[in-house]
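Undergrad: Here's the letter readout for the chains.
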Amino acid sequence: MKKTTKAIVVSALSIVSISGLAACGSDTESADTTVAANSTAPATPEITVTGQWARQSPMATDMGAAYMTINSNVDDELVGAMVDTSVAEMTQVHETIMGEGDSMKMQEVKKIDVIAGTPTELKAGGYHVMLMKLVKPLELGTEISVTLKFAKAGDVVVTVPILEEAP
Amino acid sequence: MACLFTQDEPRVTGTVSQRWNFSLLLDVFIKLGMRNLRQTILAVLAISSLALPLSACSQESTSSLLGYVPPSQLSSSGVSVTEQPGGKAFELKAQEGEVLIVYFGYTNCPDVCPTTLVAIKNAKKKIGALAERVDLAMITVDPQRDTANILPRYLSSFTDRFHALIPANDAELRSAENAFGATSSVITVDGKIEVVHGGTAYLVDDTGMVVVQWPFGLDSNSMANDLTILLNERTQTK
Numbered sequence: 001m002k003k004t005t006k007a008i009v010v011s012a013l014s015i016v017s018i019s020g021l022a023a024c025g026s027d028t029e030s031a032d033t034t035v036a037a038n039s040t041a042p043a044t045p046e047i048t049v050t051g052q053w054a055r056q057s058p059m060a061t062d063m064g065a066a067y068m069t070i071n072s073n074v075d076d077e078l079v080g081a082m083v084d085t086s087v088a089e090m091t092q093v094h095e096t097i098m099g100e101g102d103s104m105k106m107q108e109v110k111k112i113d114v115i116a117g118t119p120t121e122l123k124a125g126g127y128h129v130m131l132m133k134l135v136k137p138l139e140l141g142t143e144i145s146v147t148l149k150f151a152k153a154g155d156v157v158v159t160v161p162i163l164e165e166a167p
Numbered sequence: 168m169a170c171l172f173t174q175d176e177p178r179v180t181g182t183v184s185q186r187w188n189f190s191l192l193l194d195v196f197i198k199l200g201m202r203n204l205r206q207t208i209l210a211v212l213a214i215s216s217l218a219l220p221l222s223a224c225s226q227e228s229t230s231s232l233l234g235y236v237p238p239s240q241l242s243s244s245g246v247s248v249t250e251q252p253g254g255k256a257f258e259l260k261a262q263e264g265e266v267l268i269v270y271f272g273y274t275n276c277p278d279v280c281p282t283t284l285v286a287i288k289n290a291k292k293k294i295g296a297l298a299e300r301v302d303l304a305m306i307t308v309d310p311q312r313d314t315a316n317i318l319p320r321y322l323s324s325f326t327d328r329f330h331a332l333i334p335a336n337d338a339e340l341r342s343a344e345n346a347f348g349a350t351s352s353v354i355t356v357d358g359k360i361e362v363v364h365g366g367t368a369y370l371v372d373d374t375g376m377v378v379v380q381w382p383f384g385l386d387s388n389s390m391a392n393d394l395t396i397l398l399n400e401r402t403q404t405k
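Taken in sequence, the protein lines are chains A and B.
If you read the first sequence in our numbering, its first letter stands for residue 1, the second for the next number, and so on.
If you read the second sequence in our numbering, its first letter stands for residue 168, the second for the next number, and so on.
To be clear, the hints were calculated from the coordinates, so they are not data collected in a lab.
Some clues are possibly wrong.
[Stated by the list, open to error] Per the computed footprint, the stretches of chain B lying under chain A, defined by three or more beta-carbons under 8 angstroms from a beta-carbon of chain A, are:
{"no.": "1", "stretch": "311–325"}
{"no.": "2", "stretch": "365–379"}
[Claimed, not checked] Here are the simulated DSSO-like pairs of lysine-lysine, each with C-alpha atoms no more than 30 angstroms apart in a straight line:
{"no.": "3", "chain 1": "A", "residue 1": "123", "chain 2": "B", "residue 2": "293"}
{"no.": "4", "chain 1": "A", "residue 1": "136", "chain 2": "B", "residue 2": "292"}
{"no.": "5", "chain 1": "B", "residue 1": "288", "chain 2": "A", "residue 2": "123"}
{"no.": "6", "chain 1": "A", "residue 1": "110", "chain 2": "A", "residue 2": "123"}
{"no.": "7", "chain 1": "A", "residue 1": "136", "chain 2": "B", "residue 2": "288"}
{"no.": "8", "chain 1": "B", "residue 1": "359", "chain 2": "A", "residue 2": "111"}
{"no.": "9", "chain 1": "A", "residue 1": "149", "chain 2": "A", "residue 2": "110"}
{"no.": "10", "chain 1": "B", "residue 1": "288", "chain 2": "A", "residue 2": "133"}
{"no.": "11", "chain 1": "A", "residue 1": "133", "chain 2": "A", "residue 2": "110"}
{"no.": "12", "chain 1": "A", "residue 1": "105", "chain 2": "A", "residue 2": "136"}
{"no.": "13", "chain 1": "A", "residue 1": "136", "chain 2": "B", "residue 2": "359"}
{"no.": "14", "chain 1": "A", "residue 1": "133", "chain 2": "B", "residue 2": "359"}
{"no.": "15", "chain 1": "A", "residue 1": "136", "chain 2": "A", "residue 2": "123"}
{"no.": "16", "chain 1": "A", "residue 1": "123", "chain 2": "B", "residue 2": "255"}
{"no.": "17", "chain 1": "B", "residue 1": "292", "chain 2": "A", "residue 2": "123"}
{"no.": "18", "chain 1": "A", "residue 1": "149", "chain 2": "A", "residue 2": "136"}
{"no.": "19", "chain 1": "A", "residue 1": "105", "chain 2": "B", "residue 2": "359"}
{"no.": "20", "chain 1": "A", "residue 1": "149", "chain 2": "A", "residue 2": "123"}
{"no.": "21", "chain 1": "A", "residue 1": "110", "chain 2": "B", "residue 2": "359"}
{"no.": "22", "chain 1": "B", "residue 1": "359", "chain 2": "A", "residue 2": "149"}
{"no.": "23", "chain 1": "B", "residue 1": "288", "chain 2": "A", "residue 2": "105"}
{"no.": "24", "chain 1": "A", "residue 1": "123", "chain 2": "A", "residue 2": "111"}
{"no.": "25", "chain 1": "A", "residue 1": "133", "chain 2": "A", "residue 2": "111"}
{"no.": "26", "chain 1": "A", "residue 1": "149", "chain 2": "A", "residue 2": "111"}
{"no.": "27", "chain 1": "A", "residue 1": "152", "chain 2": "A", "residue 2": "110"}
[What the hints assert, rightly or not] Pair by pair, the computed Cβ-Cβ distance ranges are:
{"no.": "28", "chain 1": "A", "residue 1": "69", "chain 2": "B", "residue 2": "252", "range": "40 to 48 angstroms"}
{"no.": "29", "chain 1": "A", "residue 1": "167", "chain 2": "B", "residue 2": "262", "range": "31 to 39 angstroms"}
{"no.": "30", "chain 1": "B", "residue 1": "386", "chain 2": "A", "residue 2": "59", "range": "18 to 26 angstroms"}
Just so you know, even glycine gets a beta-carbon here, dropped at the ideal spot from N, CA and C.
Bound-form chain B, shown alone:
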């Protein structure tokens, strides 16, 4: 039932159609009059068909996540990007019982990237102590300009817990992008550097599995909602 109450419109549709379903079934029962076993079995079948879609809904507890749950299983397990400062390989997965937010961006991005990073910062403020189990890894898609001096300082203005990941070469960037189905490009047009990147933030669990994706523009309340659900799920298993 949970999924019926996540959005206004389906809620109305769902409730009305279920009432209608019950009255229709009652009608069928009366018409059948339960005269023989065969008809009873058919009626029971009809009831279970009502129960099935409902139970399918309740099993989808992820439907109360406000981000996008990818239909295919994306995993970044075993994929690493060079972290700066230090130059060590950072594997793109959360620590045990935590969630890692993976974001592809660049610092010369005054519009899209700070919008998402500020929303993440404010979402963390809204979830209290749970925020301690939220980690952030930003992979720059513009490693030529986003050097070890710049990216960590940039991220420190949004959060105190982060990993500044600067791909050491193109292959490293592409292998990270491939894990998430992300793409990016940096080209020079008329002397101006033009960067194309995805606006999605990927939430990865401690196995490297992408558990939810946040599209650009998702507000901090929605992010806080998703983080709370994901972290509470992980508290039980921790």
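If we strip away everything but chain A, and leave its shape as in the complex, we get:
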């Protein structure tokens, strides 16, 4: 009988310790889930852009970046972007890629797949429209016009406000 009670206490000890540890266990980050809207694809491709903004360009640099969320009613591809030469000399679609550890680099991408009914996000640390050789700094409170080029929907012109941070 004594042996049995000892066993109970010992197992209680271990269970308590384990659950105690679990209580201070590492942070679990809840994944961002996006629910795709069900949509039947009509014949005419239609693009909706929301939450667009471009970062106020810091002094002393001639690089800028624009971000947005793209929605399409059909599967499409963003194949390029353009701004007026009065804004920047060159515009490319870029992606920041995470490498080993915390290392990251930017690279040009040929296209971004836009899946019907699923918002495609261009956001900091991921895809962005890169404005290179800015003619003048992107000033807070102003707007620029960005032409997005889609494989199916064609050109979509978006008015992009200059902000400090994502809206």
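Put chain B on the given structure of chain A with help from the hints.
TA: Then chain B, alone, in the frame of chain A:
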């Protein structure tokens, strides 16, 4: 207990398991009936095993920091990088009672670097007078392009208190990176300059110790939280 309330999920797990622990212990007590000393000692041992993990949690006051607390002790004490303008060596540690944010980046970086620097700027706005004790040192990983004319002007658009650090040579950059376990490279691919750098910001205290690391993407509220904790800790010792 503090650590049980930092995240939603562990909070639920922790509370439920502790209730369960107590009922289990009560059960054990009843079964034992406290019939002899040996059993009492064992029961007391069981209680202390419950108390131990809890006290371990409460000692980890750093668990309310939202950045990452490095398990190994990183220190940049004694490591210096050339500051511009002026060309003097800047030692990578905070002034007494302050916190120094050390960031490796480059100015031709329109996406990652400004995201972090704007978040730092806004975090400072959120902590009121404490912000006066927050210093920032940006070490460029691209010293060929980020000259003494460019880096200070770039940083001045984010904060009025900063150190523009431009390594005078490769060894200086590498020794600074090694202190933090950071890496970077600048290579030319098809005529284009490609820069790889870490996205982490390191918070260093007045001994040069890295007290917390902010991964890329940490928002200004989380940064403000960490700065408040770290600076209040340092107020008591100042």
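Undergrad: Given the hinted pair residue 110 of chain A and residue 123 of chain A, is their Cα-Cα distance within 30 angstroms?
TA: holds (17 angstroms)
Undergrad: Is the straight-line distance between the alpha-carbon of residue 149 of chain A and that of residue 136 of chain A 30 angstroms or less?
TA: holds (24 angstroms)
Undergrad: Given a hinted range of 31 to 39 angstroms, is it respected by the beta-carbon distance of residue 167 of chain A and residue 262 of chain B?
TA: holds (36 angstroms)
Undergrad: Going straight from one Cα to the other, do residue 136 of chain A and residue 288 of chain B come out at no more than 30 angstroms?
TA: Measuring from Cα to Cα gives roughly 23 angstroms; hence the hint holds.
Undergrad: Take the C-alpha atoms of residue 149 of chain A and residue 110 of chain A, compute the straight-line distance between them, and say whether it is at most 30 angstroms.
TA: holds (12 angstroms)
Undergrad: Sort out whether residue 111 of chain A lies within 30 angstroms of residue 123 of chain A, counting only the CA atoms.
TA: holds (15 angstroms)
Undergrad: Verify the proposed pairing of residue 359 of chain B with residue 149 of chain A, using a straight-line Cα cut of 30 angstroms.
TA: Answer holds: residue 359 of chain B to residue 149 of chain A is near 24 angstroms, not above 30 angstroms.
Undergrad: Is 40 to 48 angstroms respected by the C-beta to C-beta distance linking residue 69 of chain A and residue 252 of chain B?
TA: Distance hint for residue 69 of chain A, residue 252 of chain B holds at roughly 42 angstroms.
Undergrad: What's the verdict on residue 133 of chain A and residue 111 of chain A, does the C-alpha distance respect the 30 angstroms limit or exceed it?
TA: Holds - the C-alpha atoms of residue 111 of chain A and residue 133 of chain A are around 21 angstroms apart, at most 30 angstroms.
Undergrad: Quickly compare the C-alpha distance for residue 110 of chain A and residue 359 of chain B to 30 angstroms and report which way the hint goes.
TA: Between residue 110 of chain A and residue 359 of chain B the Cα gap is close to 16 angstroms, so the pair holds against 30 angstroms.
Undergrad: CB of residue 386 of chain B to CB of residue 59 of chain A, is that within 18 to 26 angstroms?
TA: Holds - the Cβ-Cβ distance for residue 386 of chain B and residue 59 of chain A, about 24 angstroms, lies within 18 to 26 angstroms.
Undergrad: Are the Cα positions of residue 136 of chain A and residue 292 of chain B separated by 30 angstroms at most?
TA: Holds - the C-alpha atoms of residue 292 of chain B and residue 136 of chain A are around 27 angstroms apart, at most 30 angstroms.
Hint compliance for this structure: hint 16 alone is broken.
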